[in-house]
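Those protein sequence lines, which keep their order, are chains X and R. When we follow UniProt numbering, the leftmost residue of the first sequence carries the number 1, and every step to the right adds one. When we follow UniProt numbering, the leftmost residue of the second sequence carries the number 1, and every step to the right adds one.
Among the hints, a few may not be true.
Pairs involving identical chains hold if they fit within one copy or between any two copies, as the list cannot separate such chains.
In silico DSSO-like cross-links for lysine-lysine, where the CA-CA straight-line distance does not exceed 27 Å [unchecked claim]:
(1) 151 <-> 347
(2) 15 <-> 249
(3) 429 <-> 481
(4) 347 <-> 230
(5) 180 <-> 37
(6) 151 <-> 140
(7) 180 <-> 249
(8) 256 <-> 230
(9) 230 <-> 37
(10) 15 <-> 474
(11) 474 <-> 429
(12) 276 <-> 180
(13) 347 <-> 140
(14) 347 <-> 276
(15) 276 <-> 256
(16) 230 <-> 276
If you are wondering where the hints come from, they were derived from the structure by calculation, not from laboratory data.
Residues per chain are reported as follows:
2 protein chains.
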Amino acid sequence: MNEQFFDFVSIQLVKNSKASLYVQLYDRLRELIVSGKLSHGYLLPPVRRLASGLGINPGTVVSAYKLLEQNGYICSRAGSGSYVAEITGSIAAADEPVAADTDLDMFETKSAMLLANNKHCIDFASAMPTPDLLSIDDFKNVLIEVLDRDKGFAFGYQESQGFYPLREAISYYLQAQGIKAQADNVQIISGAQQGIDIIAKALLNFGDYVFTENPTYPGAIAAFRSRGAKIVEIGMENDGMNIPELENKIRSFRPKLIYAMANIQNPTGYSYSLAKRNRLIGLARRYNAIILEDDYISELDFSGVPLAPLKALDRDQRVIYLKSFSKIFMPGLRLAFLLMPPPLVSKVLAVKHHSDISTSGLTQRAFDLYLRQGIWQRHIAAIHSIYLERYHTALAAIQQFLPPAVVCHRPRGGLSCWLSLPAGLSARKIVADAESRDVLLLPGTAFFPRRPPDQFLRLSFAVAGPEKIVEGVKILGEVIKSQGTVL
Amino acid sequence: MNEQFFDFVSIQLVKNSKASLYVQLYDRLRELIVSGKLSHGYLLPPVRRLASGLGINPGTVVSAYKLLEQNGYICSRAGSGSYVAEITGSIAAADEPVAADTDLDMFETKSAMLLANNKHCIDFASAMPTPDLLSIDDFKNVLIEVLDRDKGFAFGYQESQGFYPLREAISYYLQAQGIKAQADNVQIISGAQQGIDIIAKALLNFGDYVFTENPTYPGAIAAFRSRGAKIVEIGMENDGMNIPELENKIRSFRPKLIYAMANIQNPTGYSYSLAKRNRLIGLARRYNAIILEDDYISELDFSGVPLAPLKALDRDQRVIYLKSFSKIFMPGLRLAFLLMPPPLVSKVLAVKHHSDISTSGLTQRAFDLYLRQGIWQRHIAAIHSIYLERYHTALAAIQQFLPPAVVCHRPRGGLSCWLSLPAGLSARKIVADAESRDVLLLPGTAFFPRRPPDQFLRLSFAVAGPEKIVEGVKILGEVIKSQGTVL
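With the sequences and hints as input, model every part of the structure.
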């Protein structure tokens with residue numbers, strides 16, 4: 001094939017497919033590259049020309065190009081377009097399509113890669129910040145400092161529990177927030193997802209019951225199900241779990257584990273009242289369940305009065321506290337920790353050991369300095385002020401542009417708003433219609449372990465800046481109002 | 001307490017305990033440091049003084065100090081001794097003792113940290129190279145190159161299957177060795193142990209049967225048992241599994257998975273004959289089992305005629321090929337891959353995703369350059385020539401100094417010799433006696449899933465240089481000859 005004349009208009013995209021147009025275009029272009037039909041140095045068509053040739057929005061092309069660049073298939077040079085990257089060669093065509101959008105995690109993480117400065121697409125789907133917010137120079141400096149200091153030890157064996165100085169630095173960090181913590185009760189892990197998986201393996205046997213909030217984080221459901229556990233959902237209200245429901249079900253099912261996000265829950269943004277925190281812990285004590293508290297994003301509490309985690313109320317060592325350093329701020333870093341009740345430390349350590357021996361020593365050593373030198377805290381402060389503005393912008397825009405029948409309980413913080421639609425509207429339909437207008441957001445369905453109601457939307461402002469937020473919410477308002485229901 | 005006068009001689013060590021003296025000493029000193037009894041800047045006693053005060057060998061003290069340094073509790077300055085590190089503070093005393101030596105992995109990895117230039121102790125226990133063999137500057141350069149090139153993307157979200165350019169670089173690396181490989185069938189993982197764990201989760205349900213060689217790598221047993229699988233051992237002969245035994249058992253148990261190391265098996269060093277490779281694959285095909293091939297250390301084949309992996313014979317996509325880049329050469333890096341049969345790619349990807357989302361993107365990007373720029377291959381070549389000398393030295397010393405009744409089948413390569421003792425000798429007793437003479441090695445017992453015979457020793461030359469190897473094998477010969485049995 002003479003690639004100079006490759007006919008891009010022959011690319012087939014299916015509108016109204018489950019897969020986003022940009023994901024489809026990414027897939028088609030990726031196939032052309034890995035099959036060698038477009039080879040190294042090939043200049044891809046300019047965004048607007050390809051968009052008009054395919055009859056799609058330029059934003060869709062930009063998104064597909066970004067995703068290709070992120071994954072190393074193409075490289076872009078400012079002012080001169082996008083080229084097929086040097087690394088591609090004679091690899092045969094890919095069999096595996098990228099996952100459909102119905103796989104939330106894949107979708108979420110992929111849309112995370114749409115850049116904030118994408119001029120066409122407004123991304124309310126991703127709950128991960130864009131790479132431009134990451135403080136690369138600081139981290140580079142601590143990496144170099146570690147390599148110069150530790151030499152080969154930086155790549156040598158690491159204790160499975162984690163690099164001691166890092167565990168200690170974490171214990172100080174927690175103590176400063178009023179949480180009793182000792183380095184010996186800290187288990188370093190490779191991200192929050194691994195923490196959930198390790199706790200599932202350490203505590204659950206086939207057929208055991210686990211309670212989760214409903215809705216909840218789907219990655220947790222996947223880990224519990226993989227372990228052969230049975231999931232029982234407890235309805236989430238805007239001040240925490242439905243307590244009578246919890247009480248009834250805990251008596252019947254005797255769960256080994258309760259997975260909860262007490263502060264700024266994902267996806268709802270709800271936080272537990274103090275009374276419900278105490279009831280949850282009390283019931284766990286009475287029925288001998290362990291609570292896994294996933295502190296998803298409490299650094300971004302915008303209420304001015306940050307809440308302590310459940311763990312701070314844990315008097316009889318019943319709460320495992322899970323916190324990621326990478327999830328929100330450096331997702332590719334893969335670093336998190338568990339603060340363990342002492343009786344569970346050695347069991348969890350053994351599971352960590354047979355799961356992956358240890359977390360990258362280099363990462364641990366670098367992050368140890370990052371934390372000790374106060375860079376992490378400065379980074380959080382910077383991120384906090386950026387998102388505080390977006391948070392207020394999003395809430396104001398929702399109030400201004402969405403019909404009052406769309407309910408949004410004001411979250412204390414975080415990166416998302418949870419929108420509840422009035423009867424008669426379909427969240428999926430709204431998501432599809434919004435996408436056709438280049439506004440991406442998530443239907444709530446992905447967050448319900450079963451029988452997902454088609455009634456919720458999660459609107460995240462992790463990626464879009466203030467102007468985009470206003471523009472996107474305005475479009476969303478128009479989409480909702482166009483659904484033909486009296487609002 | 002006035003730490004200037006801390007009475008180190010009050011430290012209690014138990015000789016003939018299960019825990020090595022150096023691990024006990026490490027534990028005691030660590031407790032003094034984390035409890036604040038020895039605070040920042042405190043100068044520890046010189047090695048020889050502490051050794052004579054406690055009535056132990058200086059090598060034991062050196063080993064304990066090295067382990068403390070490795071884990072960040074102390075720092076050593078050349079010529080001026082060892083100080084309690086800055087990071088320690090008012091942390092309360094540790095409850096968790098370090099694992100006893102009976103936990104092979106812990107022991108192995110801890111002893112990995114004894115430096116090659118330790119003048120007193122000869123370490124034949126660790127099968128990991130010492131940090132001085134790691135090419136730190138090269139890796140630092142690729143890290144800096146990645147950070148300058150990719151900026152925040154280096155910490156952004158990574159595809160769960162792995163960074164595409166790295167997967168492609170791996171496929172080229174495999175193709176160069178005659179293995180059919182495509183980037184789309186490569187799954188990046190965080191070390192070989194995670195590979196075993198992920199395959200266990202992807203393929204095994206509670207109660208399924210898994211076949212392993214006997215003896216085998218204990219980390220695999222731990223992962224399979226954690227999954228609720230039932231282990232069936234197949235005797236390992238010096239040319240591969242006992243085939244009649246495999247045939248009988250595969251008919252009865254119908255295993256889902258067979259875990260095998262066809263080249264330079266751990267711990268025996270045995271490699272499969274071509275006939276046995278074909279029988280293993282043929283039986284797996286007939287009884288519909290998947291083979292997980294762990295290519296532990298085939299880079300260090302010293303025979304001059306390296307064997308292709310089982311995977312090269314895999315005509316009907318039945319072999320999963322597992323290979324670590326970090327296990328032997330950069331254990332703290334946590335990077336490995338699975339070459340998957342295409343039908344299993346998406347299942348394994350989903351399990352990877354709920355296990356830890358993805359492997360560190362920074363590590364993947366840096367290793368991609370490391371591989372593409374040929375640094376990895378140069379590093380392997382350098383390591384190869386260092387270990388070739390040790391291998392010949394160890395085999396010659398075994399022939400010279402050990403009684404002929406101690407049988408050592410010459411391995412094709414690797415970092416260990418597997419010694420079979422004549423009836424009447426106890427491997428555990430020999431290990432204990434050798435340790436009292438500052439020679440550390442492993443009894444074979446740890447490698448048998450059940451009913452471990454007290455008849456084997458694993459002697460590794462990953463850490464000791466040629467002179468130490470000769471000295472240590474000579475001592476081992478004396479220890480064996482002193483056991484009172486006619487040899």
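Identical-chain pair category, residue 347 with residue 230, by Cα at 27 Å: both (22 Å within a copy, 21 Å between copies)
Within, between, both or neither: residue 347, residue 276 at alpha-carbon 27 Å: The answer is neither: 30 Å in one copy and 39 Å across copies each exceed 27 Å.
27 Å Cα threshold - placement of residue 230 relative to residue 256: both (11 Å within a copy, 24 Å between copies)
27 Å Cα threshold - placement of residue 429 relative to residue 474: Intra 17 Å, inter 78 Å, cutoff 27 Å: intra-copy only.
Intra/inter-copy verdict for residue 276 and residue 256 if alpha-carbon distance must be at most 27 Å: Classified as within: same-chain Cα gap 20 Å, cross-chain 46 Å, threshold 27 Å.
Copy assignment of residue 180 with residue 37, given that the CA separation must stay at most 27 Å: Classified as between; 21 Å across copies, 59 Å inside a copy.
Homomeric proximity label, residue 230 with residue 276: Cα distance no greater than 27 Å: Only inside one copy: residue 230 and residue 276 sit 24 Å apart there, 43 Å across copies, limit 27 Å.
Homo-oligomer pair classification [residue 249, residue 15; C-alpha up to 27 Å]: neither (44 Å within a copy, 54 Å between copies)
Up to 27 Å CA-CA - residue 180 versus residue 276, copy category: Within one copy, since 21 Å is at most 27 Å while 58 Å is not.
27 Å Cα threshold - placement of residue 474 relative to residue 15: within (24 Å within a copy, 76 Å between copies)
Homomeric proximity label, residue 180 with residue 249: Cα distance no greater than 27 Å: Neither way: residue 180 and residue 249 sit 31 Å apart in one copy and 53 Å across, limit 27 Å.
Status of residue 347 relative to residue 151 across identical chains (alpha carbons, at most 27 Å): neither (32 Å within a copy, 38 Å between copies)
The structure does not agree with the numbered hints 1, 2, 7, 9, 13, 14 stated previously, though it agrees with the rest.
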